[in-house]
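Student: Add chain E to chain U, keeping to what the hints say.
Next come the chains, spelled out residue by residue.
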Amino acid sequence: MHRVEDIEIELLLEALYRRYHYDFRHYSRASIKRRLRQALKHLGYENFSALQDGVLHDPAVLPQLLDYLTVQVSEMFRDPSYWRALREKVIPHLRTYPSLKVWVAGCSGGEELYSFVILFREEGLEARTLFYATDINPEALATASRGVYSLDRIKSFTANHQEAGGKSSLSDYYSADYGNAVLDQSLRDRVVFSDHSLVTDAVFAEMQLISCRNVLIYFDRQFQDRATGLFSDALSRNGFLGLGSKESLRFSTHADAFSPFVPEEKIYQRRNA
Amino acid sequence: MSRAVEAIVMGASAGAVEALSAILPALPEGFALPVLVVVHVPPGRTNALVPLFGAKCRLPVREAEDKAPIEGGAIYFAPADYHMLVETDRTLGLSDDPPVLHSRPSIDVLFESAADAYGPALAGVVLTGANADGAAGLKALAEAGGLAFVEDPAGAHVPAMPQAALDACPTATPARLTELASLLIALGSR
Chain U
441 MHRVEDIEIE LLLEALYRRY HYDFRHYSRA SIKRRLRQAL KHLGYENFSA
491 LQDGVLHDPA VLPQLLDYLT VQVSEMFRDP SYWRALREKV IPHLRTYPSL
541 KVWVAGCSGG EELYSFVILF REEGLEARTL FYATDINPEA LATASRGVYS
591 LDRIKSFTAN HQEAGGKSSL SDYYSADYGN AVLDQSLRDR VVFSDHSLVT
641 DAVFAEMQLI SCRNVLIYFD RQFQDRATGL FSDALSRNGF LGLGSKESLR
691 FSTHADAFSP FVPEEKIYQR RNA
Chain E
25 MSRAVEAIVM GASAGAVEAL SAILPALPEG FALPVLVVVH VPPGRTNALV
75 PLFGAKCRLP VREAEDKAPI EGGAIYFAPA DYHMLVETDR TLGLSDDPPV
125 LHSRPSIDVL FESAADAYGP ALAGVVLTGA NADGAAGLKA LAEAGGLAFV
175 EDPAGAHVPA MPQAALDACP TATPARLTEL ASLLIALGSR
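So the protein lines, in turn, are chains U and E.
Position in the first sequence counted from 1, then plus 440, gives you my numbering.
Position in the second sequence counted from 1, then plus 24, gives you my numbering.
Hints were generated in silico from the structure; no laboratory data involved.
Hints are not guaranteed to be accurate.
[Claimed, not checked] Here are some of the chain U residues that sit facing chain E, going by a computed Cβ distance under 7 Å: (1) Ala470; (2) Ser471; (3) Asn654; (4) Ile657; (5) Lys686; (6) Phe691; (7) Asn712.
Just so you know, even glycine gets a beta-carbon here, dropped at the ideal spot from N, CA and C.
One chain only, chain U, in its complex shape (with noise of 0.2 Å):
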């Protein structure tokens, strides 16, 4: 039984690829499986042959089955302790350019993002600084885009912040709007929206600093390599690389094209090569 499913499976990937190019073939199997189990159930398909079925068939499938594929939640300010390390140990290096570029891959629904655009204010940092917000998913830019969040997830995006060091008030940046809090249009001024995929799409732009935070653990090794390689040749001399707590580049062939700098919190920087 449970044979027929996984190859119900890689066809149905193998069809995504082909009609789309969008290309989970090589995302970590158990979590891609677990979120194919969870489509099939509340998008109503009998088993994965009639969801390929409707994916190739039904061009209204593909937006539903991307948003259980890619779509991540995270949290403005998520692991204080990473955007301490960043305020207090990557910015000081980074005040010496005359100008930064700053990419957050995988930007999902924005709050990391502007979690960066609003350190770098805090930092007088924000004016000389271009931030690119990219992803794969189109609904999930234009949710970044919108920057609008429940009123309920504030509290803790302001705890966060504070932990983090903020050196203003988390309220300075949005507005209350029927439950929502709208933020500030001023904070997406120095930023870019763009559809990139870190399998397929190549390098666009030199950068001063690059966050990734758990994108890479759903990847395969291969997949992996592919992205960390895409860093590597994206980051400038002594550029900066943050990742996920729970991620590394210890199993990557690109380890040694990085230095570890705040090892606790997954920060390495480029070496001179």
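Tutor: Okay, now just chain E, sitting in the frame of chain U:
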């Protein structure tokens, strides 16, 4: 019970430390199987269970790392705030997918992925706890042919979780902590 079991999965919630202390330190040197453990712990950077059990156990105790090969005779704890999964190539995976039944790490997520990876070569144990996490996972494990155990709800610190698992998976064997330790030792001794 002469079947080849290749891995053990365990889940515990309220009362976990006491229950696991009756089992994990009893596993002898030379124990052949990996033991993968999910305990419901509050989100936070450090998982206190690893040093705690590292000091008590004869087997190496580790926090699960993404993509790390699963080694026999080692005990792995899921990190706080991440799900722990097993890939079919017998490596560990982590995810920050939403909590399942309010839990991350989730026992169901571990058990279901391990059942996919190991099929009948898996044994699973649901211990004390106050919710229903692990019930669906234990059912999946049993359906894949694995050996299902629960801590006897009558003796459990908090019976709700093993009882829910037993209700969902009536073929599971209930046993007291000392019996569970002996059963697992027998499975893992060559």
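Student: Evaluate each hint against the coordinates.
Tutor: We went through each hint and held it up to the structure:
no. : hint   : in the structure
1   : Ala470 : holds, 4 Å
2   : Ser471 : holds, 5 Å
3   : Asn654 : holds, 5 Å
4   : Ile657 : holds, 5 Å
5   : Lys686 : holds, 5 Å
6   : Phe691 : holds, 5 Å
7   : Asn712 : violated, 28 Å
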